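Engineer: Okay, here's what each chain looks like letter by letter:
Number of protein chains: 2
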Amino acid sequence: MKLHILGCHSATPRSVAFPSAQVLETGNELLLIDAGEGMQIQLRKYKHKFNKIKYIFISHLHGDHFYGLVGFLSTLRLIGREKEMHIFAPEGLKKLTELQFQITQTDINYPLFFHELTRTESELILDTDKFSVTTIPLKHRLYTNGFLIKEKPALRKLNIEAVKRYPEIETWAYHNLKRGKDFIREDGSRIPNDELTLPPPPVKSYAYCSDTAYNPSIIPLIKEVDLLYHEATFLEKDKHLAEKTKHSTARQAAQIAKEADVKQLVLGHFSSRYPDERIFIEEAKEIFDKVDIAQEGKMFEF
Amino acid sequence: MKLHILGCHSATPRSVAFPSAQVLETGNELLLIDAGEGMQIQLRKYKHKFNKIKYIFISHLHGDHFYGLVGFLSTLRLIGREKEMHIFAPEGLKKLTELQFQITQTDINYPLFFHELTRTESELILDTDKFSVTTIPLKHRLYTNGFLIKEKPALRKLNIEAVKRYPEIETWAYHNLKRGKDFIREDGSRIPNDELTLPPPPVKSYAYCSDTAYNPSIIPLIKEVDLLYHEATFLEKDKHLAEKTKHSTARQAAQIAKEADVKQLVLGHFSSRYPDERIFIEEAKEIFDKVDIAQEGKMFEF
Numbered sequence: 007m008k009l010h011i012l013g014c015h016s017a018t019p020r021s022v023a024f025p026s027a028q029v030l031e032t033g034n035e036l037l038l039i040d041a042g043e044g045m046q047i048q049l050r051k052y053k054h055k056f057n058k059i060k061y062i063f064i065s066h067l068h069g070d071h072f073y074g075l076v077g078f079l080s081t082l083r084l085i086g087r088e089k090e091m092h093i094f095a096p097e098g099l100k101k102l103t104e105l106q107f108q109i110t111q112t113d114i115n116y117p118l119f120f121h122e123l124t125r126t127e128s129e130l131i132l133d134t135d136k137f138s139v140t141t142i143p144l145k146h147r148l149y150t151n152g153f154l155i156k157e158k159p160a161l162r163k164l165n166i167e168a169v170k171r172y173p174e175i176e177t178w179a180y181h182n183l184k185r186g187k188d189f190i191r192e193d194g195s196r197i198p199n200d201e202l203t204l205p206p207p208p209v210k211s212y213a214y215c216s217d218t219a220y221n222p223s224i225i226p227l228i229k230e231v232d233l234l235y236h237e238a239t240f241l242e243k244d245k246h247l248a249e250k251t252k253h254s255t256a257r258q259a260a261q262i263a264k265e266a267d268v269k270q271l272v273l274g275h276f277s278s279r280y281p282d283e284r285i286f287i288e289e290a291k292e293i294f295d296k297v298d299i300a301q302e303g304k305m306f307e308f
Numbered sequence: 007m008k009l010h011i012l013g014c015h016s017a018t019p020r021s022v023a024f025p026s027a028q029v030l031e032t033g034n035e036l037l038l039i040d041a042g043e044g045m046q047i048q049l050r051k052y053k054h055k056f057n058k059i060k061y062i063f064i065s066h067l068h069g070d071h072f073y074g075l076v077g078f079l080s081t082l083r084l085i086g087r088e089k090e091m092h093i094f095a096p097e098g099l100k101k102l103t104e105l106q107f108q109i110t111q112t113d114i115n116y117p118l119f120f121h122e123l124t125r126t127e128s129e130l131i132l133d134t135d136k137f138s139v140t141t142i143p144l145k146h147r148l149y150t151n152g153f154l155i156k157e158k159p160a161l162r163k164l165n166i167e168a169v170k171r172y173p174e175i176e177t178w179a180y181h182n183l184k185r186g187k188d189f190i191r192e193d194g195s196r197i198p199n200d201e202l203t204l205p206p207p208p209v210k211s212y213a214y215c216s217d218t219a220y221n222p223s224i225i226p227l228i229k230e231v232d233l234l235y236h237e238a239t240f241l242e243k244d245k246h247l248a249e250k251t252k253h254s255t256a257r258q259a260a261q262i263a264k265e266a267d268v269k270q271l272v273l274g275h276f277s278s279r280y281p282d283e284r285i286f287i288e289e290a291k292e293i294f295d296k297v298d299i300a301q302e303g304k305m306f307e308f
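Which chain is which? The protein sequence lines are S and V, in order. Heads up: the first sequence begins at 7 in the numbering used here, then just goes up one per residue. Heads up: the second sequence begins at 7 in the numbering used here, then just goes up one per residue.
Since the hints were derived computationally from the structure, they do not count as laboratory data. Incorrect hints may appear among the rest.
A pair counts as met if it fits within one copy or between any two copies, since identical chains are not told apart.
As the list claims (entries may be wrong) - Listed next, the in silico BS3-like pairs over lysine-lysine satisfying Cα-Cα at most 30 Å (straight line): (1) K170 - K101; (2) K8 - K55; (3) K250 - K89; (4) K55 - K250; (5) K304 - K170; (6) K58 - K136; (7) K264 - K184; (8) K245 - K210; (9) K158 - K250; (10) K51 - K304; (11) K304 - K101; (12) K89 - K252; (13) K243 - K136; (14) K60 - K136; (15) K53 - K304; (16) K187 - K55; (17) K250 - K184; (18) K243 - K304; (19) K89 - K58; (20) K229 - K184; (21) K229 - K291.
None of these values were measured; they are calculated from a predicted model.
Produce the entire structure from the sequences given, and follow the hints as far as they go.
Structural biologist: Structure follows, in structure tokens:
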């Protein structure tokens with residue numbers, strides 16, 4: 007998986023900073039997670055192909071997480087999109103987007119589906135051959151979900167040396183071997199699969215948690231993920247602001263990462279009150295060592 | 007007046023290019039004209055004070071001219087705006103913006119006024135001590151206005167040498183002289199104003215015309231303006247596309263500028279099909295010599 011940060015700042019930017027939006031590359035898909043204003047400008051800047059995006063996930067309906075969506079959907083029409091687009095978002099966004107299309111006299115001529123989210127318990131919202139997406143219920147000032155994206159195991163790899171030892175295994179049998187099946191000879195005897203193949207690369211998982219107050223109830227859901235993006239709008243010295251606005255501090259995000267035993271933590275959604283974001287790392291490192299910060303344009307491969 | 011281009015591209019940007027938005031500085035006011043997506047990012051980039059903007063003019067309800075508005079209005083709330091904001095825009099934008107505020111649970115706590123435009127004839131929509139704003143009815147695929155901004159004459163300047171020749175003129179009388187009044191002595195005799203003062207600097211005017219098909223009926227409205235911004239989405243070789251989409255070519259914009267005898271023409275709203283925008287100047291120059299092109303970040307002082 008590759009996570010590419012398009013924007014990672016909270017809603018009061020006083021310097022040049024794009025609000026929340028990121029793309030996750032898994033297999034041949036590009037998943038768009040949140041769509042802050044200017045997101046399509048960022049997609050172009052970093053040369054992502056618009057047409058590779060088929061699924062969009064919106065965490066919650068604060069403007070800094072979705073005001074870039076409607077412009078992107080309109081641009082897709084202008085560039086002649088044909089394939090379908092699926093948007094997973096809290097209830098309300100469909101109505102708003104449809105009013106925008108109506109007022110701007112925009113006729114969306116590609117198949118556009120809204121999947122409106124309303125449940126307050128974790129649910130499986132997308133299940134493809136390659137990956138699944140589950141919601142992570144968060145605690146914020148209005149209905150908010152994080153998203154857990156989990157790859158599915160790829161095919162096993164042929165152990166060519168081992169296979170060659172058995173001339174009776176012809177190439178037409180390879181696909182079943184990759185799928186984990188034993189080889190069965192004409193006489194009914196078997197060669198066990200694990201003698202002929204190697205396990206596939208391990209599956210990866212990614213959890214996106216923004217925006218949220220400190221919420222340990224998500225820990226079982228995100229247990230041992232490869233990468234956790236967790237919001238850290240504030241530092242611990244401004245914890246009262248985090249409580250008031252239902253955001254997290256860097257220390258709290260690190261605490262969640264530690265208890266969930268994740269492999270890597272990325273902090274984001276910084277308030278503009280802090281001129282130097284490296285201090286978020288310092289604060290988090292006191293609790294959890296494998297921590298980095300999101301920055302516009304930064305790529306995380308895992 | 008100073009015109010500052012924040013974005014000047016049409017709605018299918020394939021490279022990094024911001025859609026229509028610009029600020030006009032007149033006196034101590036900053037007028038925002040159109041508000042394409044990313045406009046607030048551009049305002050910050052070029053260090054414009056958000057609080058100096060009190061009037062916003064939206065030409066028409068295509069997304070590339072107003073999708074940056076709602077994020078800007080939300081940011082103003084977050085940074086504690088208190089003074090009023092007036093938005094002049096076609097009918098529909100108020101309803102849409104209010105739905106956005108409702109869905110995002112945004113409580114706009116500064117005075118926000120929408121002045122919805124519906125008339126198809128030119129009308130005076132704002133009249134202050136310093137300037138007036140009149141609509142310029144344009145021809146586009148949906149209801150569209152350009153805007154004519156005209157400064158009002160400043161006070162006359164005292165001709166100090168002349169004033170000093172009359173010891174009876176005390177300083178308390180200066181303000182009336184600047185306002186163009188004659189000086190009246192105690193015996194009722196007069197000194198004519200034009201003997202004592204010099205005319206104020208000439209008033210400036212600016213016309214914004216985007217988006218529009220070739221429309222000579224606007225010529226009397228924009229006669230002799232100091233600066234005309236006119237859209238030129240296409241070149242003459244693609245005139246059939248201009249006709250179909252109700253846009254103008256560079257040559258047509260130049261024709262309007264020539265017939266209106268404007269002092270300077272600035273072209274903008276370029277389609278992304280043309281890799282080099284200098285060719286717009288070349289085409290326009292065949293008709294009208296004082297022509298330049300809009301570019302992100304470019305400033306025009308006049």
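Engineer: Give the relationship of K51 and K304 under a CA distance limit of 30 Å: within one copy only, between copies only, both, or neither.
Structural biologist: Answer is both: 13 Å inside a copy and 20 Å across each meet the 30 Å cutoff.
Engineer: For the identical chains here, do K60 and K136 meet the 30 Å Cα criterion within one copy, between copies, both, or neither?
Structural biologist: Answer is within: at 14 Å inside a copy they meet the 30 Å cutoff, but 51 Å across does not.
Engineer: Indicate which option fits the pair K304, K101 if close means a Cα-Cα distance not exceeding 30 Å: within, between, both or neither.
Structural biologist: Neither way: K304 and K101 sit 34 Å apart in one copy and 38 Å across, limit 30 Å.
Engineer: Which holds for K170 with K101 at a C-alpha limit of 30 Å: within a copy, between copies, both or neither?
Structural biologist: For K170 and K101, the Cα distance exceeds 30 Å both inside one copy (60 Å) and across copies (71 Å).
Engineer: Could you figure out if K187 and K55 sit no more than 30 Å apart (CA to CA) within one copy, between two copies, both or neither?
Structural biologist: neither (37 Å within a copy, 67 Å between copies)
Engineer: Should K55 paired with K250 be assigned to within, between, both, or neither, using CA atoms and 30 Å as the limit?
Structural biologist: Between copies, since 28 Å is at most 30 Å while 40 Å is not.
Engineer: Is it within a copy, between copies, both, or neither that the alpha carbon of K243 lies no farther than 30 Å from that of K304?
Structural biologist: Classified as within: same-chain Cα gap 27 Å, cross-chain 42 Å, threshold 30 Å.
Engineer: Indicate which option fits the pair K243, K136 if close means a Cα-Cα distance not exceeding 30 Å: within, between, both or neither.
Structural biologist: Neither, since 42 Å and 48 Å both go past 30 Å.
Engineer: Quick one: K58 to K136, C-alpha cut-off 30 Å, is that within a copy, between copies, both, or neither?
Structural biologist: within (15 Å within a copy, 52 Å between copies)
Engineer: 30 Å Cα cut-off: does K304 pair with K170 within a copy, between copies, both or neither?
Structural biologist: This pair counts as neither: shortest intra-copy Cα distance 44 Å, inter-copy 68 Å.
Engineer: If the cut is 30 Å between Cα atoms, do K53 and K304 qualify within a copy, between copies, both or neither?
Structural biologist: So K53 and K304 pass the 30 Å test inside a copy (14 Å) and across (25 Å) alike.
Engineer: Checking K245 and K210: alpha-carbon separation at most 30 Å within a copy, between copies, both or neither?
Structural biologist: Answer is neither: 33 Å inside a copy and 53 Å across each miss the 30 Å cutoff.
In the structure shown, a violation is registered for the earlier hints numbered 1, 5, 7, 8, 9, 11, 13, 16 and 17, in ascending order.
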